[in-house]
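**Q** If you read the protein sequences in the order shown, they are chains A and B. Letter by letter, the first sequence follows residues 1 to 306 of the working numbering. Letter by letter, the second sequence follows residues 1 to 253 of the working numbering.
It is worth saying that the hints were derived from the structure and are not from the lab. Treat the hints with care, as some may be off.
Unchecked claim - DSS-like cross-link-like pairs, simulated, lysine-lysine; straight-line CA separation at most 27 Å:
{"id": "1", "chain 1": "A", "residue 1": "182", "chain 2": "A", "residue 2": "140"}
{"id": "2", "chain 1": "A", "residue 1": "109", "chain 2": "A", "residue 2": "140"}
{"id": "3", "chain 1": "B", "residue 1": "197", "chain 2": "A", "residue 2": "140"}
{"id": "4", "chain 1": "A", "residue 1": "74", "chain 2": "B", "residue 2": "246"}
{"id": "5", "chain 1": "A", "residue 1": "30", "chain 2": "A", "residue 2": "171"}
{"id": "6", "chain 1": "A", "residue 1": "108", "chain 2": "B", "residue 2": "162"}
{"id": "7", "chain 1": "A", "residue 1": "218", "chain 2": "A", "residue 2": "30"}
{"id": "8", "chain 1": "B", "residue 1": "197", "chain 2": "A", "residue 2": "74"}
{"id": "9", "chain 1": "A", "residue 1": "71", "chain 2": "B", "residue 2": "84"}
{"id": "10", "chain 1": "A", "residue 1": "108", "chain 2": "B", "residue 2": "197"}
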Amino acid sequence: MNPIISIKNINKTFSTGEEAVKDFSLDIMKGEILALLGPNGAGKTTLISMICGIIEPSSGSVSVNGFDVVKDYKKTRSIIGLVPQELVLESFETAMNTIQFSRGLFGKKRDHEFIKKILTQLSLWDKRNTTIMELSGGMKRRVLIAKALSHEPSILFLDEPTAGVDVELRKDMWAIIKNLKKQGVTIILTTHYIEEAEEIADRVGIINKGELLVIEEKRNLLNKMGTKTLTIELNSKIKSIPNSLSSYNLQLASKGMSITYNYKKQEEKTGITSLLVDLKKAGITLKDLDTNQTSLEEIFVDIVRK
Amino acid sequence: MNFEAIKAIYIFEMTRTFRTLLQSLVSPVISTSLYFIVFGTAIGSRMEDISEVPYGAFIVPGLIMLTVLTQSISNAAFGIYFPKFIGTINEILSAPVSAFEIVIGYVGAAATKSMMIGIIIFITAHFFVEISVEHPVWMVVFLVLTCVSFSLFGFIIGIWAKNFEQLNLIPMLVITPLVFLGGSFYSISMLPEFWQKVSFFNPVVYLISGFRWSFFGSSDVAIEVSIMAILLFSSFCLYTIYQIFKFGYKIKQ
Ligand SMILES: Nc1ncnc2c1ncn2[C@@H]1O[C@H](COP(=O)(O)OP(=O)(O)OP(=O)(O)O)[C@@H](O)[C@H]1O
Ligand SMILES: [Mg+2]
Numbered sequence: 001m002n003p004i005i006s007i008k009n010i011n012k013t014f015s016t017g018e019e020a021v022k023d024f025s026l027d028i029m030k031g032e033i034l035a036l037l038g039p040n041g042a043g044k045t046t047l048i049s050m051i052c053g054i055i056e057p058s059s060g061s062v063s064v065n066g067f068d069v070v071k072d073y074k075k076t077r078s079i080i081g082l083v084p085q086e087l088v089l090e091s092f093e094t095a096m097n098t099i100q101f102s103r104g105l106f107g108k109k110r111d112h113e114f115i116k117k118i119l120t121q122l123s124l125w126d127k128r129n130t131t132i133m134e135l136s137g138g139m140k141r142r143v144l145i146a147k148a149l150s151h152e153p154s155i156l157f158l159d160e161p162t163a164g165v166d167v168e169l170r171k172d173m174w175a176i177i178k179n180l181k182k183q184g185v186t187i188i189l190t191t192h193y194i195e196e197a198e199e200i201a202d203r204v205g206i207i208n209k210g211e212l213l214v215i216e217e218k219r220n221l222l223n224k225m226g227t228k229t230l231t232i233e234l235n236s237k238i239k240s241i242p243n244s245l246s247s248y249n250l251q252l253a254s255k256g257m258s259i260t261y262n263y264k265k266q267e268e269k270t271g272i273t274s275l276l277v278d279l280k281k282a283g284i285t286l287k288d289l290d291t292n293q294t295s296l297e298e299i300f301v302d303i304v305r306k
Numbered sequence: 001m002n003f004e005a006i007k008a009i010y011i012f013e014m015t016r017t018f019r020t021l022l023q024s025l026v027s028p029v030i031s032t033s034l035y036f037i038v039f040g041t042a043i044g045s046r047m048e049d050i051s052e053v054p055y056g057a058f059i060v061p062g063l064i065m066l067t068v069l070t071q072s073i074s075n076a077a078f079g080i081y082f083p084k085f086i087g088t089i090n091e092i093l094s095a096p097v098s099a100f101e102i103v104i105g106y107v108g109a110a111a112t113k114s115m116m117i118g119i120i121i122f123i124t125a126h127f128f129v130e131i132s133v134e135h136p137v138w139m140v141v142f143l144v145l146t147c148v149s150f151s152l153f154g155f156i157i158g159i160w161a162k163n164f165e166q167l168n169l170i171p172m173l174v175i176t177p178l179v180f181l182g183g184s185f186y187s188i189s190m191l192p193e194f195w196q197k198v199s200f201f202n203p204v205v206y207l208i209s210g211f212r213w214s215f216f217g218s219s220d221v222a223i224e225v226s227i228m229a230i231l232l233f234s235s236f237c238l239y240t241i242y243q244i245f246k247f248g249y250k251i252k253q
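Throw the hints in and build the complete structure from the sequences for me.
**A** The structure is reproduced here in structure tokens:
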């Protein structure tokens, strides 16, 4: 399958000398949800801005749907919607006006029914004639989403869509994103909430200091990088791990009432069977077993720290 | 051409104008009335006619130009500076619009607004003095050309300005003196010969002179020269804007 966005060796050095993006290459597939993770200042917004035309790359190229974003900017930009990180809106305008403005700006004829549908979906219909400054932060975020969707884009960039958004709205937003995916929209989002990537992304990219460190199917990433932890609850307290079990690297927890064992899921032999046999040999009786998988968060912290 | 985008920008800007209708239209009316009371009635009654035109009527074209020039510049400058200031310019930069379309939208809206103000002053003037227009078509042509070319000029200032001070600097320091010394309130021929020569370096002289000609049929400089001057100025502004967008001057990082 051909990528819908193809980023080839782009660099961005700001006039301040800051190298925000370094020799970055990435293919984004049609219809996928890609989550970009990275600490503050990693270069996520800069990268998105170069694809959308807000910032010019210092070198390298980006093509969208087969067209170059600089040479054929009209063709590429008309299919891209962007929800910016900052809540920038004209305070004195009504929500409706700014959204109509966006639709027109992207070359689409007015379509009252369509705008109504979007506003209803985002629970903004009642607020359509309210001026922006009278809206709460979360509502402004929704207005920005409505603006981005107003021209029916087939690619949607969401730069930290859920920053400063309550749990309820975050769930709403995830539902909207999943729904857009069903309609075939390609979605690229940046986030600091790792559970967000875990919840909705198909692929996860990790960026640090302007470089792409990892790009992987979410499931693979979790499998490959993820360590699982087996917690064994004991029937009776033990003082220390018997010497016969030293090769397993076990840890004593809950004041001697449980033992934990770390293993890699993707390895052929997890060692669980032999551990259980050896436990029995050592005369330890089990009450319960529990396994736990490493979250993306832990993987992320691990990668970025290296 | 992305006509929908031009329309969207134009409508959005005009909505802003109509929202602030009172301040945008009432203040020029009040200040014009004051000018008429002071210059037209109080002082004007003691002034001689200029080329057989009563002084009160003589200053009408100059006053309209004075307001239209400054309004065109400040409207257009503000129109593009404001999105830059609050950051909504990013949406425009990420939209499938060319520089040319952006200019048409913003400059078109700014020029429309100052044209409306010009017409309102013209109507207000009727309450104070008797005026007739000898060449109405030329009057409209001059008004439109002035509104458009000075809105283009304002657009340049708006893009160039890095803060609100700079936004007001050029209109304050350059335009206001040029307009006052451009013959709004007197005929250039009333000046000593040396200052007459100096005046011919002032582009505003040609505008006011041409505009006044469309009212009274007489002027300081030939009408052809006036038209040439204003076209030259428009081309200069267009070329500058073209250069600005070509090199992404101060808009894109
Ligand atoms: N206009 C600019 N001029 C100079 N440097 C900039 C500019 N914009 C961003 N930078 C720098 O580029 C780097 C990347 O910034 P960017 O905004 O892309 O990070 P980010 O990954 O989006 O961070 P965050 O998670 O905080 O939004 C930072 O070091 C930042 O200081
Ligand atoms: Mg960012």
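**Q** So, for every hint listed, does it hold in this structure?
**A** Evaluated hints:
1. 182(A) with 140(A): 25 Å, holds
2. 109(A) with 140(A): Between residue 109(A) and residue 140(A) the Cα gap is close to 24 Å, so the pair holds against 27 Å.
3. 197(B) with 140(A): 58 Å, violated
4. 74(A) with 246(B): Distance ~16 Å between residue 74(A) and residue 246(B) Cα, so the pair holds.
5. 30(A) with 171(A): Holds, at about 24 Å.
6. 108(A) with 162(B): 32 Å, violated
7. 218(A) with 30(A): Within the cut-off at roughly 17 Å; holds.
8. 197(B) with 74(A): 50 Å, violated
9. 71(A) with 84(B): This hinted pair holds, its Cα atoms lying about 24 Å apart.
10. 108(A) with 197(B): 54 Å, violated
Of the numbered hints given earlier, the model fails hints 3, 6, 8 and 10; all others are met.
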